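S.K.: Protein sequence lines correspond, in order, to chains Z and X. Using numbering that gives the first Met the number 0, the first residue of the first sequence is number 0, and each one after it goes up by one. Using numbering that gives the first Met the number 0, the first residue of the second sequence is number 0, and each one after it goes up by one.
Note that these hints are calculated values from the structure, not bench results. Take the hints with a grain of salt, since some may be wrong.
No copy labels: a pair is met if it fits in one copy or bridges any two.
[To be verified] In silico DSS-like links for lysine-lysine, alpha-carbon gap of 30 Å or less:
hint : residue 1 : residue 2
1    : 40        : 19
2    : 124       : 42
3    : 58        : 40
4    : 70        : 124
5    : 68        : 132
6    : 116       : 2
7    : 42        : 58
8    : 42        : 116
9    : 2         : 42
10   : 70        : 132
11   : 2         : 19
12   : 68        : 116
A quick note: this is a predicted structure, and the numbers were derived from the prediction, not measured.
Protein chains: 2
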Amino acid sequence: MDKNYWITKEPINPGDCIDKVVRNEAGAVNTFMGTVREFTKGKRTLFLEYQAYVPMAEKKLEQIGDEIKEKWGNAEIAIVHRIGRLEITDIAVAIAVSTPHRADAFDASRYAIERIKEMVPIWKKEHWEDGEKWLGDQKENISYEAKIPSKEEMRDD
Amino acid sequence: MDKNYWITKEPINPGDCIDKVVRNEAGAVNTFMGTVREFTKGKRTLFLEYQAYVPMAEKKLEQIGDEIKEKWGNAEIAIVHRIGRLEITDIAVAIAVSTPHRADAFDASRYAIERIKEMVPIWKKEHWEDGEKWLGDQKENISYEAKIPSKEEMRDD
Numbered sequence: 000m001d002k003n004y005w006i007t008k009e010p011i012n013p014g015d016c017i018d019k020v021v022r023n024e025a026g027a028v029n030t031f032m033g034t035v036r037e038f039t040k041g042k043r044t045l046f047l048e049y050q051a052y053v054p055m056a057e058k059k060l061e062q063i064g065d066e067i068k069e070k071w072g073n074a075e076i077a078i079v080h081r082i083g084r085l086e087i088t089d090i091a092v093a094i095a096v097s098t099p100h101r102a103d104a105f106d107a108s109r110y111a112i113e114r115i116k117e118m119v120p121i122w123k124k125e126h127w128e129d130g131e132k133w134l135g136d137q138k139e140n141i142s143y144e145a146k147i148p149s150k151e152e153m154r155d156d
Numbered sequence: 000m001d002k003n004y005w006i007t008k009e010p011i012n013p014g015d016c017i018d019k020v021v022r023n024e025a026g027a028v029n030t031f032m033g034t035v036r037e038f039t040k041g042k043r044t045l046f047l048e049y050q051a052y053v054p055m056a057e058k059k060l061e062q063i064g065d066e067i068k069e070k071w072g073n074a075e076i077a078i079v080h081r082i083g084r085l086e087i088t089d090i091a092v093a094i095a096v097s098t099p100h101r102a103d104a105f106d107a108s109r110y111a112i113e114r115i116k117e118m119v120p121i122w123k124k125e126h127w128e129d130g131e132k133w134l135g136d137q138k139e140n141i142s143y144e145a146k147i148p149s150k151e152e153m154r155d156d
């Protein structure tokens, strides 16, 4: 993968992100991974399904990287988000940020995951034992119960 | 490696730490890596040398893990620190923390690196173009210029 911001259908190897940000000027690398948790508020998840509008999602991930470089100066960033069916413990998203000093690496990595959940067009379908539901934006402020993402929004090519 | 807290002479693969903490109950994994930076305050580092009192260092890393479990409850932790000669960009330390939710993973990972630098008996020798120096505790509050760690303190078996 020659990009620093990408969507994939394959299992995520966090080392792919880490390798892209390790460099002579960095003394600190922070990596955040979101993994599929079995229980949420007492309800058992069987598996998740993610869909994205891929070109826009990759563009938005890159925008988040640019925001971080703007805010923290000397930072390098790589972000990958997986789509398709994910099983419990699978990595859905991995972020790696390198900076000269550690405080910035932590802060920028945290910023990245909050921004991803706010603004990247990736939809999640929860599959439980007793049903399933499309969730809207990942902060769950918008519900997609009424409005399932359109085929156009979900296309992953 | 069957331990969650260990000292190694081999290159660190952060995936080894990540694999130890990924689990059904976790929705978040934070990984912090300290890497060898080329320039510090304008001075070029050629390479670093780390020595540790290994049994005590591993015991202290485990203590930090216990402190995190106490403070954050549902957390799993793995920490590895490398010793010996490290080149620029090599990983000196890797920490992985998994928790159900992301705020705790970030906070606990940050706590771990601060505690490592405070209390784990690992000594660092900086090699510059124009000299070398043993540094004391990793927060550099204690200087080892007068007192180079004894052979007993530095033994790495």
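S.K.: Give a verdict on every hint.
M.R.: Going down the list of hints, with the structure as the test:
In this homomeric assembly, residue 40 and residue 19 come within 30 Å of each other (Cα to Cα) only across copies, at 25 Å, whereas the closest approach inside a single copy is 36 Å. Proximity of residue 124 and residue 42 under a CA criterion of 30 Å is satisfied intra-copy only: 14 Å inside one chain copy versus 52 Å between copies. Within a single copy, residue 58 and residue 40 get their C-alpha atoms no closer than 33 Å, and across copies no closer than 36 Å, so neither meets the 30 Å cut-off. Proximity of residue 70 to residue 124 under the C-alpha cut-off of 30 Å is found in neither arrangement, the shortest distances being 33 Å within a copy and 33 Å between copies.
Within a single copy, residue 68 and residue 132 get their C-alpha atoms no closer than 36 Å, and across copies no closer than 33 Å, so neither meets the 30 Å cut-off. In this homomeric assembly, residue 116 and residue 2 come within 30 Å of each other (Cα to Cα) only inside a single copy, at 21 Å, whereas the closest approach across copies is 34 Å. For the identical chains of this complex, residue 42 and residue 58 are neighbours neither inside a copy (34 Å) nor across copies (38 Å), given an alpha-carbon limit of 30 Å. In this assembly of identical chains, residue 42 and residue 116 lie within 30 Å of each other by CA distance solely inside one copy; the values are 21 Å within and 40 Å between copies.
Neither within a single protomer nor between protomers do residue 2 and residue 42 lie at most 30 Å apart by alpha-carbon distance, with minima of 37 Å and 32 Å respectively. Taking the shortest alpha-carbon separations for residue 70 and residue 132, neither the intra-copy value of 36 Å nor the inter-copy value of 34 Å comes in at or below 30 Å. Proximity of residue 2 and residue 19 under a CA criterion of 30 Å is satisfied in both settings, with 9 Å inside one chain copy and 28 Å between copies. For the identical chains of this complex, residue 68 and residue 116 are neighbours both inside a copy (19 Å) and across copies (27 Å), given an alpha-carbon limit of 30 Å.
Consistency note: the structure conflicts with the earlier hints numbered 3, 4, 5, 7, 9 and 10.
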